[in-house]
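Listed below are the residues making up each chain.
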Amino acid sequence: MAMRSQIYEWTNLAPGGTGSTLSRATTDESVAIAAGTQVSVFTGGVGYNITKPAETTATQFVVIEDIACSPDDTTNKGGDVQIRINTTDYFQNPDVTQMSGVSGTASPYPRGISDGTNNLLKSFDLYPDVYVLPGQVWDVLFTAQTTLVTATTADVVAAFIKYTLYDGPDALIANKLLELGITVNPANVDWYKRTLIEQQSGGVM
Amino acid sequence: MAMRSQIYQYLATADSTSQASIFVGGLGNNITKPAETTATQFVVIEQVASTPSTPITLMSDSLGVYSQIRINTTDYFLNPDNRPNDGVPGTASPYPRSVQFQPSFNLYPDVYVLPGQVWDVLIKVTAGGTNASAGRPEAFVKYTLYDGPDALIANKLLELGISVSPANVDWYKRSLISAQSAPPAPAMD
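Chains as they are written, first to last, in our numbering: chain A, 1 to 205; chain B, 1 to 189.
Hints are supplied without guarantee of correctness; some may be wrong.
Cβ-Cβ distance ranges computed for the label pairs, FRET-style [unchecked claim]:
| hint | chain 1 | residue 1 | chain 2 | residue 2 | range |
| --- | --- | --- | --- | --- | --- |
| 1 | B | 7 | A | 45 | 19 to 29 Å |
| 2 | B | 106 | A | 182 | 20 to 30 Å |
| 3 | B | 160 | A | 153 | 50 to 60 Å |
| 4 | A | 22 | B | 117 | 22 to 32 Å |
| 5 | A | 87 | B | 178 | 48 to 58 Å |
| 6 | B | 17 | A | 75 | 20 to 30 Å |
Worth flagging that the hints you see were computed from the coordinates, not collected in a lab. Every residue gets a Cβ at the ideal spot worked out from N, C-alpha and C, and that includes glycine.
Generate the whole structure from the sequences, applying the supplied hints.
Here it is as structure tokens:
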């Protein structure tokens, strides 16, 4: 399977309400995060984590299609999410200064969560998608808007990332599409494959 | 009918926090044997969904349900460090859908189960409270079963790098019929 739709869900839940965990458990509790603190959802040492930073190998190509997180409002505690490729933050202010990224109010997770008055739908669509080229390190950073307290039910927050992983030959095709200025998506990768097959078979199917 | 839209709904009837098959896991409504395709079948999984929950209820009384697709022995959803994860959270792909829970996730590209492969959907429950107090976890799978000649066409489309969908299978059939019914080329002197 050379093109795969993938997801990653982060929560600030860990055993005993401290540190991080590699596997979710029913007894996990919320981990404290100070307001304004930015943590990596992959290796930040808070909540659900993975074993190493997210990176693409020489034969992988990643397209990030959606990011979302808990909104911060009168009912929920939440924050913002930022994408980082190598050392460069994706979202920035018009004056080219750093910002904390897309707010959970603009891109809520869960989609439809109540803010006390309305069910929030997304105002933000990550389009064009974000490409992570072979050999790059990527990260998603969550910034808490409100201080989150340990082991408190109302202080659980989540972030969500949807991406497509192109591997092997499909990653080479993704690179080729990028060179040609064509959007990298499953339909265009399939189109490029068909073009190659038609060229080889002289237009005979 | 050689292309059939199929669904499978699962409702757990027993508590479990480990990953369990919705087909033969023994914890809810099950089927008689693992799901597999014969030599003349081709399955396209188009959607998986499960019981959703809000983050703030994960520590108390609601269910955190995740669904993972497994083909033979390979899990489909991986973390960025290439370790299999729990799968798609019901919060991202909720079942049932509601105003409060709308999908953030769309299974695209679809997942293909080739002829002769065994496939499964595994759910894991990871939240506080007992299933009995929070309601039983549910899961939903939508797939299309291609059988007989349509499975052969599905394989051909896969070889050609064309998405396997009912529309494309029909297009391929029309192409074959057009090619067969084309008038013969005039004889050359």
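Hint check:
no.	hint	in the structure
1	B/7 <-> A/45: 19 to 29 Å	violated (41 Å)
2	B/106 <-> A/182: 20 to 30 Å	holds (21 Å)
3	B/160 <-> A/153: 50 to 60 Å	holds (53 Å)
4	A/22 <-> B/117: 22 to 32 Å	holds (29 Å)
5	A/87 <-> B/178: 48 to 58 Å	holds (55 Å)
6	B/17 <-> A/75: 20 to 30 Å	holds (28 Å)
Going down the numbered hints, you'll see the structure goes against just number 1.
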